[in-house]
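J.: Protein chains in written order, with the numbering used here: chain V, 2 to 513; chain G, 103 to 461.
In case anyone wonders, no lab produced these hints; they're calculated from the structure.
Misleading hints may appear alongside valid ones.
[What the hints assert, rightly or not] Once the Cα atoms are required to be at most 16 Å apart in a straight line, the calculated EDC-like pairs of lysine to aspartate or glutamate come out as:
| hint | chain 1 | residue 1 | chain 2 | residue 2 |
| --- | --- | --- | --- | --- |
| 1 | G | 335 | V | 314 |
| 2 | V | 240 | G | 300 |
| 3 | G | 444 | V | 465 |
| 4 | V | 375 | G | 151 |
[Stated by the list, open to error] Some chain G residues near chain V, calculated using beta-carbon distances under 7 Å:
| hint | residue |
| --- | --- |
| 5 | 260 |
| 6 | 333 |
| 7 | 334 |
| 8 | 419 |
| 9 | 422 |
| 10 | 431 |
These numbers come from a predicted model, not from an experiment.
For every residue, glycine included, the Cβ atom is placed at its ideal position computed from N, Cα and C.
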Amino acid sequence: MNAPLSQQHAPQLLAERIPLEGAGAVDVERQRAVVAALKALLPERCVLWREEDTRPYECDGLTMYRQLPMIVALPETEDQVAHIARVCFEMQVPIVPRGAGTGLSGGALPHGRGVLLSLAKFNRILKIDPLACTAVVQPGVRNLAISDAVAHLGLYYAPDPSSQIACTIGGNIAENSGGVHCLKYGLTLHNVLRVRGVTFEGEILEVGSEAFDSPGLDLLSLVIGSEGMLLITTEATVKLLPTPVCQQVVMASFDDVGKGGDAVAAVIAAGIIPAGMEMMDRPAIAAVEPFVNAGYDMDAESILLVESDGTREEVNEEIAHIEAVLRANGATRLEVSQSDAERHRFWAGRKAAFPAVGRVSPDYYCMDGTIPRKRLGEVLKAIVAMEAKYGLRCANVFHAGDGNLHPLIMFDCNDPDSVLRAEQFGFEILELSIAVGGTVTGEHGVGVEKIHQMCQQFDSATLESFFAVKRAFDPAGLLNPGKAIPTLTRCAEYGKMHVHGGQLNFPDLPRF
Amino acid sequence: MLVVSNEVVRSLQERVHSAVAARTPIVIRAGGTKDFYGNATHTGHEVLDPRAHCGIVDYEPTELVITACSGTSLTDIEVALAQHNQMLAFEPPHFGALPTLGGTIASGLAGPRRMASGPVRDFVLGATLMDGHANVLTFGGNVMKNVAGYDVSRALAGSLGTLGMILDVSLKVVPRPATEQTLRFGLSEADAIRRTNEWAGQPLPISATAWVDGALSVRLSGADAGVRAAQMKLGGDPVADGEAFWITLRDQTHAFFNREAKAATLWRLSVPPTATPLNLGSTLIEWRGAQRWIWSTSPAIEIRAKVQAAGGHTTAFRHHDRNDVFHPLAPALMQIHQRLKKEFDPAGIFNPGRMYSTS
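Sequences and hints are given; from them, build the entire structure.
T.: Written as structure tokens, this is what we have:
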């Protein structure tokens, strides 16, 4: 992460070697002209341009990359957003939208010749409809604030990224954020009905609907997860679900990570979709247990947490089923939470995994590959070999239910060589994720961080088609430019092109 | 399962190249079970049949993912899943003997379970598409969580073949529920809408609802204990042949769907589920109010105005004159549709006009 890199030590190594679009010093004359045009319709307080005011926006949660924006705009109404877009369209000034700035891939990294458009002031919940089970919210509303506002109705908003205290729904829409309950309750895409927003040309439009579908192409699928490159979200309708009456967690130890992985597959083969299914390996357990005293088995090679939710009858039945499957698959120790306090204690370690690793290492770098679950054992073994190769430790936490792996590579940013090794370690994990049929990002987004690995995951025709989608929404190509989709030139410079051999290509072999 | 080689894809590519050169429209059609759906196709077109490109490429029950070619029979896929006690969550309609996977995705139509499971696009994890440049594009993948690149594979659900020909699709699949039980209640239309929406806010395992002729049917799906407890709570009369009833809704073989077929148009209304009764004609309601079927002889413009005022949109589903079948789009959205079409299919050869005459 991304997180604990202190500013004075922030190594610019990565940023120096990945030529960022819009890097560089502010053009003062240009700045003056754009500020004047924006102030024609925006109050003074909504336009920041002095360095002391724009400095706090220089990075998001990926602090390795920093860039001072030319201007920061803090609009208060949708009309103001449309005005900013029209000014920027006419003057050909890039816009980078930003929510809470908690993103881990640099999606909200500013553009040095652009406007950083913060939606922080769009922080109101506009409507709660308990009968339709929906809420209409502005993009700057925090993820957890939605659930807090509807808890008294017995409802909640399901996606729960680990930053949910701080991250906003606008950012969640940009990144298609997940969380620990994705396998059962889906990602942001599955829980948002409608997005209203402004295009770079200043047009206001709505994709999706409070009906269950809308006419024409499903543009909602394109907008959600587009990393702020297609539409500036100004409003959204989200789905609310009934709060489960009962939740219980099974904690199981395994003496081998592969056995833990097989147990995950066995749970699913038994027809169970748990509310959450998380795994931690030995280094993660060793970092976490002294930190939170969750009662984790320090002798285990991996620990699996499996949560069941629903009515009391459903949970009782499911927990018994899960216990039987885990036992049959070689669990060496099994505990079932007997109270909510105990359930929270079981989860406390998993939820504190990042800060716990931050405590045992000066810095860590969190990766985000998704792999087919069946390749877990093999990938974890490869990561162990990489630890030796790069001379760095790595703890693994894993959204086991949906195959999303978060290796935490431990390094020291005071040691530039270790930064370099951490970066290469991370990129090797991403490349391995692609090679085993997975993806470079499960939930954190590509942003600027993984843009080179996109060259390997997608062939040039597919990358070009992403630009086609971009042009359909933003022909000028100035809404969050340079993020998520690498140009073919960049891929050629990076020197690693897509290698065929994935299952969806067409090898000259019979297929079964 | 059939063996597929590059040859099939290559020959499809050649067909696309020559269609582009001759500016001949291509209609993508396999079993023809959805011929009735969408605007009438152009005359003088060629038919591109994906059925040579068929077979299940990969199915790993423990990964909850199936990947198959677009020409694969939907029934074959459902049989393969059932062998591992799994299913497609969105309960796709068959509408005839030979539906294929490609048509299922391209039409984006879902059955009764959609109200609880989500739409077709929610289950699309990845797809390959042959676009109007005859390029084979690979979107998404076969893992549950994947945010690399725009989610074009999901946007293919309901695209009606207008962006190109779907070649392969990876879908998330789900376990079959251990138990299902259908209950029936005598209720007015307004009460049925209110009641089903109230239930939606409670932790109940309701997987489908339908109201027609003064009776509300509710299907419970899930673990034995959960279904029993919900049944105790809801009351109602247990229905013996529940499964057959839901299939008649899924495939529109229920008597309602033939009722006024000779004279009227069957409209599909997609509205916020809590919308009060619209009084537009003989009505069947699914998805706790979000999908309503109406037989009407009223002019389209009247029906569209009323439904739009209720926050929804309309489709002239059957027996219409096959023009302007879909609800008109706002100009800003239509512009994006036109640009997408132009990017993916610059010669305008794939199913031109099937969705909108101008895109």
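J.: Hints first: check each against the structure and report whether it holds.
T.: Outcome of the hint check:
Restraint check: the Cα-Cα separation between residue 335/G and residue 314/V comes to about 13 Å, which is no more than 16 Å; the hinted pair holds. Annotation: proposed proximity of residue 240/V to residue 300/G holds, straight-line Cα distance about 15 Å (limit 16 Å). For the hint linking residue 444/G to residue 465/V, the alpha-carbon distance of about 14 Å falls within 16 Å, and the restraint holds. Between residue 375/V and residue 151/G the alpha-carbon distance is near 35 Å, which puts this suggested pair outside the 16 Å criterion.
At its closest, the beta carbon of residue 260/G sits 5 Å from a beta carbon of chain V; the interface hint therefore holds under the 7 Å criterion. At its closest, the beta carbon of residue 333/G sits 11 Å from a beta carbon of chain V; the interface hint therefore is violated under the 7 Å criterion. A cut of 7 Å between beta carbons decides the hint on residue 334/G: the least distance to chain V is about 10 Å, and the hint is violated. Of the supplied interface hints, the one on residue 419/G is violated, with its beta-carbon coming no nearer than about 13 Å to a beta-carbon of chain V, more than 7 Å.
Checking residue 422/G against chain V by beta carbon gives a least distance of about 15 Å; that is not within 7 Å, so the hint is violated. This hint holds: residue 431/G has a C-beta 5 Å from the nearest C-beta of chain V, less than the 7 Å allowed.
Of the hints listed earlier, those the structure fails to meet are numbers 4, 6, 7, 8 and 9, in rising order.
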